[in-house]
Amino acid sequence: MPPEESTNVSSAPSAAHARRRRLSGLIRKEFIQILRDPSSIAIAFLLPVVLLLIFGYGVSLDAEHVPVAVVVEEPSADTASLVSGFQGSRYFEPMMLRDVESAEKALMSRQVLAIIHLRANFSRQFRQPNGAPVQVIVNGTDSNTGRLVLGYVQGVWRNWLERQAIARGQALVMPLEVQQRVWFNSRLSSRDFLVPGLIAIIMTLIGALLTALVMAREWERGTMEALMVTPVTMSEVLVGKLVPYFILGLGGMALSVVMGIWLFGVPLRGSVWLLLIGASLFLLAALGMGLLISTITKNQFVAGQVAIITTFLPAFILSGFIFDIASMPPIVQGITHLLPARYFVALLQTLFLAGNVWSVILPNALALAAFAAFFLGASRRKLRKRLE
Amino acid sequence: MVPPGNLDPSVSEAEAVLEFRAVSRRFIAGGRTVQALDNVSLLVRRGRVTGLIGPDGAGKTTLMRLAVGLLLPDQGRVTTLGFDTVRDSLAVQATVGYMPQRFGLYEDLSVQENLDLYADLQGVPPEARAGRYAELMRMTGLARFTGRLAGRLSGGMKQKLGLACTLVRPPRLLLLDEPTVGVDPVSRRELWQIVYRLVQQEGMTVLLSTAYLDEAERCDEVILMHEGEVLGHGPPQIFREPLRGRTYMVNAPGTSKRAMQARLAAASFVIDALIQGDRVRLVVEAEAPPEPARWFPEIEGLEVQPVPPRLEDGFVAALREKRPQGGARSGTSPTSAIMRTGRGTAEFVIEVKGVKRRFGNFFAVKGVTFQVARGEVFGLLGANGAGKSTTFRMLCGLLPASEGNLRVAGIDLRHAASAARRRIGYMSQRFSLYGHLSVRENLHFFSRAYGLSGKQQRERLDWALGQFELDQMADAPSMDLPLGHKQRLAMACALMHEPEILFLDEPTSGVDPLARREFWRRINSLAEQGVTIMVTTHFMEEAEYCDRLAIMADGEILAIGSPEEIKRLQRTTQCPDPTMEDAFIALIEGKGQPPN
Chain S
8 MPPEESTNVS SAPSAAHARR RRLSGLIRKE FIQILRDPSS IAIAFLLPVV
58 LLLIFGYGVS LDAEHVPVAV VVEEPSADTA SLVSGFQGSR YFEPMMLRDV
108 ESAEKALMSR QVLAIIHLRA NFSRQFRQPN GAPVQVIVNG TDSNTGRLVL
158 GYVQGVWRNW LERQAIARGQ ALVMPLEVQQ RVWFNSRLSS RDFLVPGLIA
208 IIMTLIGALL TALVMAREWE RGTMEALMVT PVTMSEVLVG KLVPYFILGL
258 GGMALSVVMG IWLFGVPLRG SVWLLLIGAS LFLLAALGMG LLISTITKNQ
308 FVAGQVAIIT TFLPAFILSG FIFDIASMPP IVQGITHLLP ARYFVALLQT
358 LFLAGNVWSV ILPNALALAA FAAFFLGASR RKLRKRLE
Chain V
4 MVPPGNLDPS VSEAEAVLEF RAVSRRFIAG GRTVQALDNV SLLVRRGRVT
54 GLIGPDGAGK TTLMRLAVGL LLPDQGRVTT LGFDTVRDSL AVQATVGYMP
104 QRFGLYEDLS VQENLDLYAD LQGVPPEARA GRYAELMRMT GLARFTGRLA
154 GRLSGGMKQK LGLACTLVRP PRLLLLDEPT VGVDPVSRRE LWQIVYRLVQ
204 QEGMTVLLST AYLDEAERCD EVILMHEGEV LGHGPPQIFR EPLRGRTYMV
254 NAPGTSKRAM QARLAAASFV IDALIQGDRV RLVVEAEAPP EPARWFPEIE
304 GLEVQPVPPR LEDGFVAALR EKRPQGGARS GTSPTSAIMR TGRGTAEFVI
354 EVKGVKRRFG NFFAVKGVTF QVARGEVFGL LGANGAGKST TFRMLCGLLP
404 ASEGNLRVAG IDLRHAASAA RRRIGYMSQR FSLYGHLSVR ENLHFFSRAY
454 GLSGKQQRER LDWALGQFEL DQMADAPSMD LPLGHKQRLA MACALMHEPE
504 ILFLDEPTSG VDPLARREFW RRINSLAEQG VTIMVTTHFM EEAEYCDRLA
554 IMADGEILAI GSPEEIKRLQ RTTQCPDPTM EDAFIALIEG KGQPPN
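Quick note, the sequences are listed as chains S and V, same order. Numbering-wise, our numbering puts 333 at position 326 of the first sequence, and it's gapless, one number per residue. Numbering-wise, our numbering puts 492 at position 489 of the second sequence, and it's gapless, one number per residue.
Note that these hints are calculated values from the structure, not bench results. From a predicted model like this one, the values you see are computed outputs, not experimental measurements. Heads up, some of the hints might be wrong.
Below are the SDA-like pairs computed for lysine to any residue, each with C-alpha atoms no more than 25 Å apart in a straight line [to be verified]:
1. S/Lys389 x V/Arg443
2. S/Lys305 x V/Ala479
3. S/Lys305 x V/Asp111
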């Protein structure tokens, strides 16, 4: 029995027309759902703001205003000028104490992170050829901060010695001199380093988590079955999901970049266009991964869990956003190559702090494109118009 | 192999809209292979309404999904509207209309937005839309609600919107998978009017599956399925006629209808015994002894009247042959002598006086008053959104009343809701089981939750497994059980602490007629032992099983009384012997449409 009305996909102009209409219908539907569901808006716009505020203002890898106990057993002119070096430094909040016991108590109770101990014979010994010992005790629980504090103490110490030498009219003789120049992040501000990486984390969340939920929702609510019994193709369903969340993701990205530049003063040294291209590639990879998770699990709760565990957590820890990849064990370094976030973090940090360094941008962008192609292709293959 | 060409030479090529040829389909679920369809061949004819009936797991949904190419056959061929569903599934899907069980609506989209989406997907040109929408909205009565979110519609309205979305582009074949589950009789009747109009005016072909056999009776043709096989296919009378002369209405004034039913069902030649108001409907074997008046000499004043057979009789008879064990036949009370509750007299165990419940500005229940006596089976009926569930939740102490008095088992729910809760059992519509726990673990958990432990708990567990015939599958995860078994388990869980009152919220929704009979057999025997039963249902036939019932609409009780009294209220000259459904619809329509 031949069909009476030809609804075949091959009848050219009207078919393309019908396809466009189906796609626009799907995309409009998805946008309406996004607008009516406060949780997706929250993930796309509120979450970046909250994360940026926490990391921008709250989390810092720098050590500043570190409380230290300064124990001076016998005050003299020398000790006073050394102590003033600590008091004048922005890195320290010195607390003046007379005996080591109370300083140790303060260290134990975490009131101070370090003790600087000048003995009673400091002034006398200082003028001897062997010099005076200064005891420094650091709370090494947080090894990173401990090392920073030690370095700062030595800096204060060196400055004081130089001043003393000048006062005595002689130059402080050093066997060699280090000329330090810090490139890219010349203020050595950890915020400038964190914010670009954070954008990658935010994008991972928006991309993977949102899309992981939405496809599973169609299965859970039984709407997928109804969709399938329409002339719509599964590629159209996929594109219908991709476009709205791509736009939403770029919106979240723009918000993060604007906040980073205007609120936190992070420099953007590279090109905005390259940033847009890189973000688009990464977003496609993240969306593809979310769709793949969603297509396989068909369950919102499981999809959400899987998305967090396989995308957000690894991106947080292994992307180089906070922890340096080069100092990880080789096996873990190998694993980081499987994370799209790793390439995006490298790309972002370069674009923000260094500029258009093609030797970094090109390989990372290519890796992102490969991930996007892989995940989108895999979800298209997995998404069949069948209820198995 | 079946040779090409039609199976039935009397059906011409052009008449066959859907054709299955020797189709088989298996599923693998939890390590077991389920033969969902086994060598099924059938034809659905143009311009007719074909009903698909059969118990749970018969393969009805699988058949529907195969017909639209959402599933592929393992063997055989499915041809829909001339297209092979394997090669041309997209072409099939572009020409049929299919409404899945859950209607496929986007609940966060409005009525209009849902329509627009499906019009876009179905390729309805913009210029054709205004006319089609107006027609669909008139047909479904949704015109006033186009701006409302689909999720805010009542069950019956959702079902009609689902149908409207399926019909935005008029399909030549319309497939409806259990479109009337959980939908009230008024909405069901409206849906049927729409279906008939589509067939008569637009020449559409309709295939629908249903658990309501009175609906199947209205179909031109019926397909009866059982465990993946087609047991029969033809007009409803071919199922009814073999039973002619074997169906009776039995009445014995002065005998309790439940006792009488149990007695009748125990007779070896009885296929089916069903309470209808204060009478019992009887279906007997062909080899039944002659002279019905002598069948039950021990029942005093027994009147036996022959009545015409129904489709349901044929259904039950056909399935009893397939599943001879168990069912309504065994007349012995399955739960006998275990329940400790004593039989009381006219003592009221549920007293509801002027109870109201407000949600914001909206009164879900607007002052209801009724009493239920100990050992009574009391039914609560009403359209979707009539306030039944709210009333139920208040009675179970799950929701405080805004106004009025509620006493359950003599306890005022305002002061001691938790004390009252210990004396009631509650079985919710969705059965509330832990799917990953086994049958035994579910029973263990619920009995512990009600404070049972040690020897007592072990005894109740054994009782439940034995009485509900669950010992065979005691260690199977409850999510893998067939629906009828899940229902039994849910009931067992609600009875672990031997409650005096049992609340059942649409306990048989979506359950097939055989499982429904078995379920009611247990309910009846509980009631005989003095347990008070309060039940909501959309099956009018089940309303007949109740001692008394209340019909609710719009938060108020419209009528209260025994099934006979309620039916008598609606007796008119046009309708001298109204069915419960007639009475229900007349009551609801007399009240007018609820102002949504």
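Subject >> Pair hint S/Lys305 and V/Ala479, alpha-carbon separation not exceeding 25 Å >> reply: 24 Å, holds
**OP:** With a cut-off of 25 Å on the C-alpha distance, tell me whether S/Lys389 and V/Arg443 pass.
**Re:** 37 Å, violated
Original post:
Is S/Lys305 within 25 Å of V/Asp111, Cα to Cα?
Top reply: With Cα atoms ~19 Å apart, S/Lys305 and V/Asp111 stay inside 25 Å; holds.
Hint check: a violation occurs at hint 1 only; the rest are consistent with the structure.
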